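Trainee: Chain residues, written in single-letter form:
Number of protein chains: 2
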Amino acid sequence: MENQTEISTLGEFGLIDHITENLPIHNASTKKAVGDDCAVMDYEGKKVLVSTDLLLEGVHFDLTYVPLKHLGYKSAIVNFSDLYAMNARPRQITVSLGISKRFTVEHIEQLYAGIRLACEIYGVDIVGGDTTSSRSGLVISITCIGDADEDKIVYRNGAKPTDLICVSGDLGAAYMGLQLLEREKIASAGQKDFQPDFAGKEYLVERQLKPEARRDIIDELEKAGIVPTSMMDVSDGLSSELLHLCKQSHTGCRVYEDRIPIDYQTAVMAEEIGMNLVTAAMNGGEDYELLFTVPLSDHETIKNIKGIKIIGHMTQPDMGCAMITRDGAEFPIKAQGWNPLKDAEK
Amino acid sequence: MENQTEISTLGEFGLIDHITENLPIHNASTKKAVGDDCAVMDYEGKKVLVSTDLLLEGVHFDLTYVPLKHLGYKSAIVNFSDLYAMNARPRQITVSLGISKRFTVEHIEQLYAGIRLACEIYGVDIVGGDTTSSRSGLVISITCIGDADEDKIVYRNGAKPTDLICVSGDLGAAYMGLQLLEREKIASAGQKDFQPDFAGKEYLVERQLKPEARRDIIDELEKAGIVPTSMMDVSDGLSSELLHLCKQSHTGCRVYEDRIPIDYQTAVMAEEIGMNLVTAAMNGGEDYELLFTVPLSDHETIKNIKGIKIIGHMTQPDMGCAMITRDGAEFPIKAQGWNPLKDAEK
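As they're listed, the protein sequences go chains A and B. Using my numbering, read the first sequence as starting at 1 and increasing by one per residue. Using my numbering, read the second sequence as starting at 347 and increasing by one per residue.
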């Protein structure tokens with residue numbers, strides 16, 4: 001960009017005033033947003049749900065290939081996804097930013113534009129936050145508040161043996177998108193005006209850089225009158241999330257390899273980099289799809305909802321958690337999801 | 347410490363399980379705490395208030411002289427203070443931590459012990475959070491949720507000309523505590539077993555390292571039947587906060603130098619380092635005292651509450667914001683509060 005403004009010219013309050021200017025309000029529950037010691041909300045008889053995510057540069061994102069606007073969008077989406085994962089609706093977020101000096105006002109505007117776009121699309125209000133300097137990289141901490149009727153909230157612990165296990169969308173694409181971006185980053189090293197080659201793999205890049213939260217699935221379930229018995233979003237990988245649901249619901253599970261939904265581009269990329277496709281789909285993470293269980297009696301209804309795949313069923317806990325391969329073999333499911341604590345540097 | 351456990355031996359979920367084990371629940375509004383995609387709360391007709399703070403190593407704290415348990419305590423307190431500043435009650439917090447590899451499980455236990463102690467004393471529940479690795483220093487992001495009756499919430503914008511300006515406790519001590527700790531840090535450089543000299547200045551160190559939130563003042567005001575017309579907590583310094591109240595309430599103000607509450611130790615330390623005492627008290631910050639306004643008619647009631655000092659009064663906006671010195675001179679009040687965005691490194 002041509003015109004760059006140093007953040008110090010605005011100062012903390014100036015920057016906050018600038019980026020929170022003309023924030024729209026979408027929800028009646030938002031009574032007082034930015035500008036006081038606290039935001040004030042009124043949920044009028046509904047239950048209040050809160051979730052929070054901390055994203056750190058170099059751990060969760062690499063600004064070499066992640067545009068700031070996409071990063072802002074994704075930072076908001078991953079929080080909305082947690083609210084939908086409880087069958088609730090996100091209503092407000094607070095946005096805290098730690099900013100190092102290499103960022104300008106324009107950079108923060110881009111980041112915030114992404115957050116605001118996500119809020120616009122999902123009908124969420126920005127009600128507060130904190131802005132400070134950082135001595136190292138960019139820090140993004142978003143807390144999302146939402147609401148739900150008490151009898152609609154879906155926890156992780158309500159699944160029963162014989163419940164059907166369902167997943168929305170497809171899995172593994174975001175992970176393959178990351179592999180692709182990393183590959184192009186290495187290929188670009190030292191080359192000016194390098195043009196990355198994403199031809200035929202646009203979906204993978206989009207799934208990594210600009211994921212969506214599955215509000216549409218929550219809407220469809222509501223329309224169909226289905227309240228899942230357990231639910232969570234797939235952020236660390238299907239294997240890891242299945243184990244969470246089974247552990248908290250005191251069940252085992254059987255999922256079928258040939259039922260795991262995988263996009264064609266994901267399969268092509270796995271082939272190219274010589275990675276086992278099912279491993280990628282089961283352990284990739286960052287899919288932000290919904291994993292949930294419904295009673296067997298909902299089978300007819302659920303199989304007619306577009307974008308939802310039945311991948312298996314819950315069992316008695318002593319059966320353990322396993323995947324049935326195409327040739328009928330049974331493999332125990334193990335969590336190989338991404339562990340963000342293994343990634344730290346001394 | 348002798349026995350140190352690498353965090354990688356527990357992993358993310360193991361560490362979260364470990365530090366959130368046996369968390370007590372103090373509030374009926376906490377329906378579901380740690381362990382799902384969201385926490386769930388029920389505020390039963392009350393308004394819901396949310397505040398958030400981001401604390402970064404090297405910017406907000408220096409682990410050379412800040413013990414981790416104190417840091418945890420203070421991180422929670424500064425958030426509680428924001429809730430009291432709205433005349434609300436903190437009920438729940440989420441705690442997100444970014445941890446670099448030089449921290450062990452025992453370090454995080456200490457940090458968490460401080461957070462838990464603050465929660466125990468103030469009756470607040472830990473309901474969620476996020477734990478991840480950090481490539482540089484320690485990152486602490488806490489969001490606090492609380493409640494209040496609608497007609498009791500105090501904003502920054504309700505002050506009227508002639509309202510009395512009140513402040514709790516005393517000012518400038520936390521800032522002087524920081525100066526003292528920095529001085530001893532420099533004095534200790536390179537010396538093993540250095541014993542810092544805090545004799546006669548224990549109060550300053552305590553105000554810096556282990557501040558309290560003024561729940562007691564909120565209790566006293568409630569007992570006296572007083573709802574302030576405007577209020578905020580003094581985190582950036584009295585000057586800066588006075589300007590906020592005046593700007594948002596569309597008033598001016600007059601405060602009297604000889605009414606600013608200052609502790610004896612603060613005065614001694616200012617003398618020692620050759621710093622203007624009133625400047626320190628007006629601009630030091632991190633006092634976490636309450637600054638509020640009440641109608642003139644509350645004068646008799648307010649002057650009998652221990653720990654509250656009337657320091658001046660609001661005026662018509664065209665009078666501007668000024669301090670009256672001991673010799674009757676009038677000086678405009680300017681914000682010289684700490685600007686966390688000026689402190690970043692490239």
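Among these hints, one or two may not hold up.
Said to hold, decoys possible - Cβ-Cβ distance ranges computed for the label pairs, FRET-style:
hint, chain 1, residue 1, chain 2, residue 2, range
1, A, Q195, B, L463, 54 to 60 Å
2, B, E646, A, E44, 37 to 43 Å
3, B, G360, A, H299, 35 to 41 Å
Worth flagging that the hints you see were computed from the coordinates, not collected in a lab. None of these values were measured; they are calculated from a predicted model. We put the beta carbon where it would ideally sit given N, CA and C, even for glycine.
Trainee: Now look at each hint and say whether the structure bears it out.
Mentor: Results for each hint:
Taking 54 to 60 Å as the suggested C-beta distance range, the pair Q195 of chain A and L463 of chain B conforms, at roughly 56 Å. At about 39 Å, the beta-carbon gap between E646 of chain B and E44 of chain A stays in the expected band of 37 to 43 Å. The supplied range of 35 to 41 Å is met by G360 of chain B and H299 of chain A, whose beta-carbon atoms lie about 37 Å from each other.
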